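Asks: Here are the chains, one letter per residue:
4 protein chains.
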Amino acid sequence: MTDDRLRHRTHEWLPPEPDLERLKTLPGLDYLRELYLGDPRRVPIGQLMGFRPVRFDAGLALFEGFPDEFHYNPIGSVHGGFAATMLDSAMGCAVHTVCKVGQGYTTVEIKVNYIRPMTRATGRVSVEGRVVAAGNRIATADGKVTDEGGRLIAHGSTTCLIFPL
Amino acid sequence: MTDDRLRHRTHEWLPPEPDLERLKTLPGLDYLRELYLGDPRRVPIGQLMGFRPVRFDAGLALFEGFPDEFHYNPIGSVHGGFAATMLDSAMGCAVHTVCKVGQGYTTVEIKVNYIRPMTRATGRVSVEGRVVAAGNRIATADGKVTDEGGRLIAHGSTTCLIFPL
Amino acid sequence: MTDDRLRHRTHEWLPPEPDLERLKTLPGLDYLRELYLGDPRRVPIGQLMGFRPVRFDAGLALFEGFPDEFHYNPIGSVHGGFAATMLDSAMGCAVHTVCKVGQGYTTVEIKVNYIRPMTRATGRVSVEGRVVAAGNRIATADGKVTDEGGRLIAHGSTTCLIFPL
Amino acid sequence: MTDDRLRHRTHEWLPPEPDLERLKTLPGLDYLRELYLGDPRRVPIGQLMGFRPVRFDAGLALFEGFPDEFHYNPIGSVHGGFAATMLDSAMGCAVHTVCKVGQGYTTVEIKVNYIRPMTRATGRVSVEGRVVAAGNRIATADGKVTDEGGRLIAHGSTTCLIFPL
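Sequence lines, in order, name chains A, B, C and D. At position 38 of the first sequence (counting the first as 1) the number is 37 in numbering that gives the first Met the number 0, and the numbers step up by one without a gap. At position 68 of the second sequence (counting the first as 1) the number is 67 in numbering that gives the first Met the number 0, and the numbers step up by one without a gap. At position 127 of the third sequence (counting the first as 1) the number is 126 in numbering that gives the first Met the number 0, and the numbers step up by one without a gap. At position 61 of the fourth sequence (counting the first as 1) the number is 60 in numbering that gives the first Met the number 0, and the numbers step up by one without a gap.
The following block holds chain A by itself, in its conformation from the complex (with noise of 0.2 Å):
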């Protein structure tokens, strides 16, 4: 069936290819820099999603992300899978940000509340994850997404695994 309604969009990515010795010799915040800051195509998901990195510091990272069109449900707004998505990040790597040399993570649970609908009018959002508690074993962080006018749109928290590279 053809639809001149019918909308298409292509994104493009670079295979990921995590070079492992440098995430075993590097603390996670250097790792993150080098990593994230560099070609944004090197991250499928944020390539898929419309969203990217903007700054990594020790317990915080900040992205920021494009809400559009082909985020929609089909009752007419952004779908909760994209805070979801972009808090996921933005909290796990915070918790990436203060892994020492040697020390991975892993992503255990997220827990997200959803405050303010997103629309294609909403414009860009800023998501921000701060680490909460870190431990040898589990660390836990929150996080936010807000429009340019700061108005709350979703927050959450994350768990984490701690664990030797």
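Just to be clear, a hint being listed does not mean it is correct.
Note that identical chains are pooled: a pair holds if it fits in a single copy or bridges any two copies.
Once the Cα atoms are required to be at most 25 Å apart in a straight line, the calculated SDA-like pairs of lysine to any residue come out as [unchecked claim]:
| hint | residue 1 | residue 2 |
| --- | --- | --- |
| 1 | K99 | G75 |
| 2 | K23 | A57 |
| 3 | K99 | R115 |
| 4 | K99 | P39 |
| 5 | K23 | E68 |
These are calculated hints, taken from the structure and not from any lab test. If you're wondering where the values come from, they're calculated on a predicted model, not measured in any experiment.
Following the hints, complete the assembly by docking chains B, C and D onto the known chain A.
Replies: Below, chains B, C and D without anything else, positioned relative to chain A:
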């Protein structure tokens, strides 16, 4: 910069134009079956992320998804946002299936536990959402993502607000 | 069976008799200050568990608690239910502080992360609840439990439903 | 101030003296059956809050609890901490039942959804914890609280860390 390894994909969708009159006059289950099981291009997020509905019954929503390289994080596995997005859809739609005529819902919060990583090698995954409790103002559901061997990949829960349309 | 090591404790309380007329005619903050900061024996759960309110402001509720041997699980530390109960109180009351005249609230869900164990040696703990987002139908808050050295023991979040009384 | 309405209750317990040698040499299920199903006075939190274990099987823990006036919040119903505490016990013990010899666990986080209020009139409640996924480092469980008519009062989930003793 050109890069021989660069990959790309094109996704297409129809502009989401929710039929608010039908939304108000049909039970949630009928609306879901008519809308989601019709032309999948009317669900932009599903087209973007590579998942689609399979079945809706009272209290139950089934989806299937196809993990691919374009879902990857830079560490070499499918980003957690893929499971979170599919669970959000399946658990939210499970709640929608029990909405009566004149009731709408919105997702207040989701929680997701990640059990096993997904990769391209995972193949098709099934996503199931089931209502746990449905009241006049609040409904809850839980959900799980499993691979074709029945192995649990992720599970979660959601809280939705029910309101008069 | 008698056992020389047997210990006991007596707690006392006044039958909870909520003044529903005042509940309906006072802002949440005024009601909380009048009720909770009056005779603590009117709060049976606080008398049972050994915690009490310290301060209420708009969007903020502070409690303090006293971990003791009677809170122990059989593995030799304070049971997680003690922190969960205090956080539930502090986060719920934080939401109550921003309820307007004629608004009530009920707790829909809580989430608690346990960071450090509590023992009898922990001493007095502070429990803080803070509103994150307050709408007409849903409000969220987060909370934390800290010891006198400011070390984080647990943190959490809650979602409450706001409704007309 | 004297008050004719003042009520009191005395609870008793035995000092918790975990047998760490047995903890290290027994499978979790055996240890739980020996410890918890023996003298309930060895579980101070259960004596305090009015709940006790009923049954342990592989992946399953059943408790029962008795909501009473001393659990009340000042608004006239049982405080949410009662359900949270029982669910924490039941879900944590469910994980403990699948710990092998030499494995210990600690609760990393719990989430609880409140579906129906409890009052003194509720009567005995059943609390069930069930393992959802058990790995070498992380295990998850969910749980529910029901009344004698089978009505759902609360449900929840937990994430536990598994570690070598």
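Asks: Indicate, hint by hint, whether the structure satisfies it.
Replies: Hint by hint, here is what the structure shows:
1. K99 x G75: Intra 44 Å, inter 20 Å, cutoff 25 Å: inter-copy only.
2. K23 x A57: Answer is within; shortest intra-copy Cα gap is 18 Å, inter-copy 38 Å.
3. K99 x R115: Classified as between; 21 Å across copies, 36 Å inside a copy.
4. K99 x P39: This pair counts as within: shortest intra-copy Cα distance 24 Å, inter-copy 44 Å.
5. K23 x E68: So K23 and E68 pass the 25 Å test across copies only (23 Å; inside, 39 Å).
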